[in-house]
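Chains as they are written, first to last, in the working numbering: chain H, 33 to 600; chain F, 34 to 531.
If you're looking for bench data, these hints aren't it; they were derived computationally from the structure.
If a hint is listed, it holds; no wrong ones were tucked in.
Derived pair list, reagent style DSSO-like, types lysine-lysine, alpha-carbon separation capped at 27 Å:
{"no.": "1", "chain 1": "H", "residue 1": "K185", "chain 2": "F", "residue 2": "K474"}
{"no.": "2", "chain 1": "F", "residue 1": "K190", "chain 2": "H", "residue 2": "K573"}
{"no.": "3", "chain 1": "H", "residue 1": "K452", "chain 2": "H", "residue 2": "K382"}
{"no.": "4", "chain 1": "H", "residue 1": "K68", "chain 2": "H", "residue 2": "K459"}
{"no.": "5", "chain 1": "H", "residue 1": "K576", "chain 2": "F", "residue 2": "K190"}
{"no.": "6", "chain 1": "H", "residue 1": "K133", "chain 2": "F", "residue 2": "K474"}
Estimated spans, in silico, between C-beta atoms of each pair:
{"no.": "7", "chain 1": "H", "residue 1": "M454", "chain 2": "F", "residue 2": "R396", "range": "42 to 48 Å"}
{"no.": "8", "chain 1": "H", "residue 1": "A478", "chain 2": "F", "residue 2": "F524", "range": "57 to 63 Å"}
{"no.": "9", "chain 1": "H", "residue 1": "Y570", "chain 2": "F", "residue 2": "L58", "range": "49 to 55 Å"}
{"no.": "10", "chain 1": "F", "residue 1": "D334", "chain 2": "H", "residue 2": "A478", "range": "54 to 60 Å"}
{"no.": "11", "chain 1": "H", "residue 1": "Q289", "chain 2": "F", "residue 2": "S79", "range": "51 to 57 Å"}
{"no.": "12", "chain 1": "F", "residue 1": "Q475", "chain 2": "H", "residue 2": "I463", "range": "34 to 40 Å"}
What the simulated footprint calls covered on chain F by chain H, stretch by stretch (three residues with Cβ under 8 Å from a Cβ of chain H suffice, anywhere in the stretch; the number is not a length):
{"no.": "13", "segment": "423–435"}
{"no.": "14", "segment": "440–452"}
{"no.": "15", "segment": "456–469"}
{"no.": "16", "segment": "506–513"}
Glycine residues also receive a C-beta, built at the ideal position from the N, C-alpha and C atoms.
Next come the chains, spelled out residue by residue.
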Amino acid sequence: MTPLISETIFYALILSSAAGTPLLMLFLCCTPLRMKVMQLLPLATVPALLIALTVPDDVSVGAGWFFMSGRMGLDGTGRIFLILAGFVWLLASLSILSLFKSDHNRTRFHIFFLTAMAGNFGLILAQGMFGYYLFFAMMSFASYGLVAHEGHKDARRAGRIYLFLVMIGEMALFTALLCLVQTCNSMALSDLAGASYHPVIFILLFIGFGIKIGALPFHGWLIPAYQNAPAPAATALAGSMVNAGILGWLRFMPLGQISYPDGAMLFIIAGALAAIYGVIAGLNSKQPGAVLGGSSISQMGLITVVFGMGLLDQDAGIYAIPVLILYVVHHSLAKSSLFFAYDLTTREGKIVSHFQLAAILFTALALAGMPFTSGAIVKTAFKELAIHLGEPWYGISTFFLPLTATGTTILMLHFARILKNMNTIPKSGNILIQLVFVASFTAVAATLWIWPFADDFSSHSLEREQIFQGSLPVAAGCFLFFLLQRSVLTTKFQTGTPKRKNLFDTIKCLATDLVQKKRKERQPQNMLAGSIYRLVPYLRKIEKIMGRWQVVGLSYLALCFCLLFLLL
Amino acid sequence: MNSGQLLLVSILLSSFIPGIIIFCLPEEKHRLRTLLNFCGSIVKISLVLVMNAGIYYGHVFEIRLPLIPGVELLLSGDPLSALFTTLSSVLWLLTTVYAVGYLEDSPNRSHFFGYFSLCVTVTIGIALAGNLVTFLLFYEMLTLATYPLVIHRGTEKSLRAGRNYLMYAFSGGAVFLVAVVWLQAIVGPMDFSASGFSPMYLTSHGSVLTFIFILLIIGVGVKAALVPLHGWLPQAMVAPAPVSALLHAVAVVKAGAFGIVRIVLDVYGAHNLLLMGVLPLLSAVAAFTIIYGSVLALQQDDLKRRLAYSTISQVSYIALGMSMVDQQLAVIGGLVHLVHQGLMKITLFFCAGNLAETLGIHRISEMRGVARRMPLTMAAFSIAALGMIGIPPTVGFVSKWYLGLGSLAGGNWWLLVVLVVSSLLNAWYFLPILIYAWFDKQQGPWPEELYVGRFETRLMLLVPPLVTAFIVMAAGLVANAQISPLAWVRFIVRGYTL
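Excised from the complex, chain F in its bound form (with noise of 0.2 Å):
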């Protein structure tokens, strides 16, 4: 084993072995089990780092696994997953600090922190994946890892988004397995590349890879909550925030448009695409995804529930990135937004937790005045929406102009009509609950004030907000810089010939 293999081994290890040991750790050992999960989390950074400079400079990390002839197990590092490997690893430091903050006192930690330790590893390994069979293991996995961390409450309530959430999964994940077995029969075994399988397989095979693609997608869809495969997303918010932010910002809806990309980028490839002419259904679908979550955002009173659905309207910006497939301006677009939505997203959920764990705010029309009783948080996630509406210099804006200048460049004036009444919808929902926070007077009492100290709120809760806020506003700031994910997206489309 060569030390590049030896490089990625150790990512996937440094998180699934303290989540073994935290398995059978008693439940006191607190102390334990955050230096384990703190080390782990460091060192995995610092090996991403290691190998996204590895990848920079052109070495290759690759590690092949023979399972059975002809299927092959295959983990190696590309531009592309040096991109949702470091979203993955920063971030999940960042719910680490907060998960311990706001799971303080609460039953059953070990197992949560075993399960959220395995949710990342798997992670990883999607973002490693080199081919189609690899990526449908590790997404099986995934739900396995999250159904333990959507029922930790064990409520009823949570039951049944479980139940509901494994049904989508796994009805999703068979329908995958199909098209996955169907395509290598068709294509034979296949690695990920940058042009896709040979075009020669469309002349003879061309209805039936349509056919593959649409299940492919629906496949990825369910995860990436692309309607009407959403109906899972909205009810697992009953699940504590860390999770709901790992969910929606890093894990599951991350690996479900992920997939769409490799799906878009490696598997087929753009001119493949372009000549089967199935693109215009994808950006249908995505087009409609996006109006249809915020136009259902408005409707919610619950916090989570309406940042759920706008996670599902925003996701669908990579994917509809991705239909333009033919504009590298738009995929760039696409690819950069899985960063900065993961950025925004998880901000704003962190502030949404903050809300629930100090004074027991779950309805926005609690909210009334909240920003005199926090005004970091609400700062934190005033920044976040802002980005989210796609106001400059967040980053928000910076995906939205470079998908807007994609659709332009393609002659798609459509869709740049979705994407300003998406901004005009975003700024509907927002905008009222940053009013209401900041401008308005505090009605009664807060639903249950559980925290009074020093600082608004436990440092654990106030620190992570604050950081991903921050880089949502440099990040942005510095855009055109050569340390930002624009210029890391950048890199990665040159090897690709769009």
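Extracted from the complex, chain H is given alone in its bound form (with noise of 0.2 Å):
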């Protein structure tokens, strides 16, 4: 489709108006007018979600004055991505609304929400590399705030861990961008079409948008920010955000017209680790978020999987795209539904009715890929990507998927029955949640049925043998959770998220080894920290000599001999 470039202002406002809006509330917040205007929260999702629903296909703006040149529009991939990610804002601003009457922070907690709004809207919209890179990185670091918003130990140290990883990916994306740059001679994305990459580039790309998505080995900022920020914003983060990286992978490696097949194996393989790995990482925990957190890193994992196999070839990645499109929407949906639902039951004080835990447990095992959910449409979706790969990724997948969706049951069970033990006080106003749960559960056991897009899937899904091959998991996963409910799960994970000492806290340890002057008593926590500990009050010393005028002179004297003896 060759896009029709029609830089009419009219189109620009419109488009603008996307990232526009909630930066102009947020700019509002700074002002006396800001208890109107955080009463007014989800009317910032609006233009977004109307955008996405009435702007053609094709429609593209171009700025070359703004930032190093911007160019914005709405194709179709970006289209399906900004209605999801305004009706997943949406939601979340609304059951925002009856929270925090008694935070101090409240306006604080308000403008960074509204920020990364603005990165995550813009970024959909964008298509030229630096307006992605430039709303990425706003959306990214502006999500510190919401990570650290409560203040307390834990949530500082989540917010520690997010934000060196945020800078560690920006590195990545910022060299990938220079390399991109410079190897296809243009910012446009549409360009990148037909190029070669070198491996660097897919590399620091898996990186940089991997941090976002909980790739493994960086996955580690995503439990503790999941556990740690307020429901509202892990919603936004766990159901959007984490897109951002899926959609940044697709426009930088589009699927389709570029291949990679030594890259894709690190994609698979990255993403069948995380596959494995989130479901043990997420039955660690008995804190909700943390459990979603292990599901996400858990499905994100085989969405870089799917991912991975469209790099394999061109004809592999036009097959792959609607595969990923659908497992994203899918994932997105039924995960802030599942978010909600927490929010929904900390509020409540208990689940309070039947209907109430048979749509958690319904989201819960459609993650799973019970029949007749949106997650069996995504299985055979999945399925069949892998029978048009062929051998040796058919017979892998028909072993792998049934291995995970009998972990995610597990653990999916898990958290449904962490929230039915739920017993606390119960808040007042809760009507805005309990609609905007129901909302979000009609969206994910409606969506996928009744969207032309994946009418395919959803037929085939409905065979017999599929529904067999999708029951069975389901139900061993739900077996074996009831065995290791009785013996393992209540005594060895007893007590919560233990600390995990990871990379992160070792690099912390070295730098504020550093940074502090008085640390004699303290035993440096391996070699390299030790030598470098060592090194500092060298450093230190001679910082002290050189300030000195003594030094000075006499190495100007020195100098002056060494003209001397020259000349002579």
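Join the two chains, each given in its own frame, into one complex according to the hints.
Structure follows, in structure tokens:
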């Protein structure tokens, strides 16, 4: 499809209002109008939704003067992502409305929330590399404010890990962008089609966007962040912001237009490991946010595998795109619905009705691919992709998919049980969050069935064979869950989330050694920290010596003698 | 004297005359003093804009003054001098506003503002210098003009810092003098020109010219704070905040960096330097300074000292860009960083001064929760800090981008690594400050709450950092437009064959 370049001011204004409305509201939050603005929070998502539903394809508006030359517009993929993002952010904003009544830092939270929202909408509409990078950075850095909002020690630690990985991701993307612009001599994303990438670019793009989705080994921020962010923020993170990473991969490595078999293996292996690791990590905690975080790592791992399969060759890429999009939509809707369920249960103190429990179980098992859910449609699509690719992928998937489905079932039942066992003091004013939950559940149950885009896969998923293949893992998972429950889960995982000593903590100790002056008593954590720790006092001494003017004078005299000697 | 020459002289006099008058004013006449300062800077900015328009359309501005046979004073306006002149004038206006607010009720303001004006006059002289001798002359006068500003407070610490500064600056100046004289002895009297001196001198005096280049870089490197010549800078932080802002954003450090630019582009020229093979040495020194400055910044708890080491690190980006002089993109990055770093650093120093003047905060550990008390100041600080790290859409990203593109184009992978590591280190020492301010709770009362009023601090202290922070964002958002610093830098680079 060749984009129609219509650079009228009209479309420029319309498209800018997607990211512009949250930014305007953010600006108003800094003025005395803030109370009114915070009450009108969901309005910020309306322009984006309207744009996604009404603006035609092939609208593309460029501004040579914006930043480093920018272009924005909507294409098929962008439209789907924008509707999804608009929907999730709308529901999340609605659920904020009755929260934070007694929170001193309410304004600060709203400012970061709106900035992240603006970044999310902006990057979906971006058609230039710089635009995408700009809004991606905006979203990532603003999310720090959401993760660290609650201010207690765990939230701060989660924020630090998050920020550390965000910086790594930003630098990886910066370098990747430099290489890409140099290779393709252009800053438009559409010009990336057919280019041949250096392997380094693939790795950098994998790291840069992979951090956002929690790809191994850069997943360390995800579980602490989902655990410690306030529920609406965690919903936005899990249901929408994580998709920015997938969209980034799609835009910068256009499937169906480039192929890289070796890089594909990286994605597939990393994704497979993440799919398994996520389940284990989620099971390791009794905090619902952390469990859902583990599930996100796992599901995103599966999406990574699909992306990897799409990179194998151009034909596979064309086939993989719809599977990818369906998976993203299904996961976002289901994950945000589960977060809303968690929020609702917390606010009501416990699960109040059987319908609620049934809805939660339905959504949870949809993630596992239970028949008649959107998950089944997606799993069918995955299988058909594997069939299309032939051996060995088909063989591996017949073993791998049921394995992950079983694991996800166990994890989701674990989640449901935690919610069922919750019994705390209810809060008031829960009508809105109830409505939000109903809306999100409806979306999960209905969307993929009524969406024409998924017609093929949805009809195939209703075949008897598919139903049978889908129910087996779920049944096995239920069985294993009840077994495990009696023995292991109650004893080993009683303690909640252990504080893992990961790579980040080592680096943080290193940095603290460098930074603090009185460190004589502290033992260095390892060899590297020890050697740098020994070096630091020398550096300080050298600095002090260089500061004395006698040293300067003497070196100057020495230089003079040298010159004299040379002249003579 | 034609109109062009009159223009150049007026630009210099527009701060010189107010300076002399202010010296003669009695201490109490602060309204007259402020009026003189503002009039002077507004006149200067208008004249500079006129000159820029003239340069853009190809007018020639030149004044020659023969001193002794073979040595003449030359002031000329070319696109590069226009860049530095505009930066200095605009930032001088803002610093004047800030200084008036900062030094309210301080003693010896007449002397301070007198030397202040002299300082800017001399900086404009450096910018407009058309040959090395003129440059050297104004360069040395800059030391003399800024010394009284450094020791303004008169305390033991200030005097020591001032003495240190003089030692460094005069040593550097002497080395510079030797190098200039030696160079002139070899290539003859030479104006700044886009191609440097003739390559034939390289065949006869190759190694001597290399040595002279090193001496010249040492000479300007003192002011530009290249490691190991940077020792004076952190100690000079004892001066009042407007002086630090001036030293680190406008006058001294930028003059040193500007010197490096002139020497590389206009004295030696790109072709000669490539033949001499001395550029990797400059790259290495610049790269080392970048990393060294950042690592030492991590260790400082005093806010201004951390900013001082950050300056040492960031100014070397300009040297780094110049060392890749065969890559047009890298030169663009280095030159535009001259402007961008000035804007960002001055914002940071203004904010640091605000914190000190309003709440008595000098250390980062005292900054917990300060954003609740001074949100606008911290907002400006945050924008500038994000710019230092290189996050879009601030101007800091734009300079890093061009430097990165230049390194890649020239195949210098390791310089790109240096840039990335530097960004990470910048994040490491700037982000915690932002987190302390915005996310922590205030721990006990402020050290010294010196101001409580309608706004968070005196308006004259609040407005300048807000203006510069706005420019940091705006100039980044319209970086590709016709009127951004980047556009002017592209215009400059067009005049050189790189």
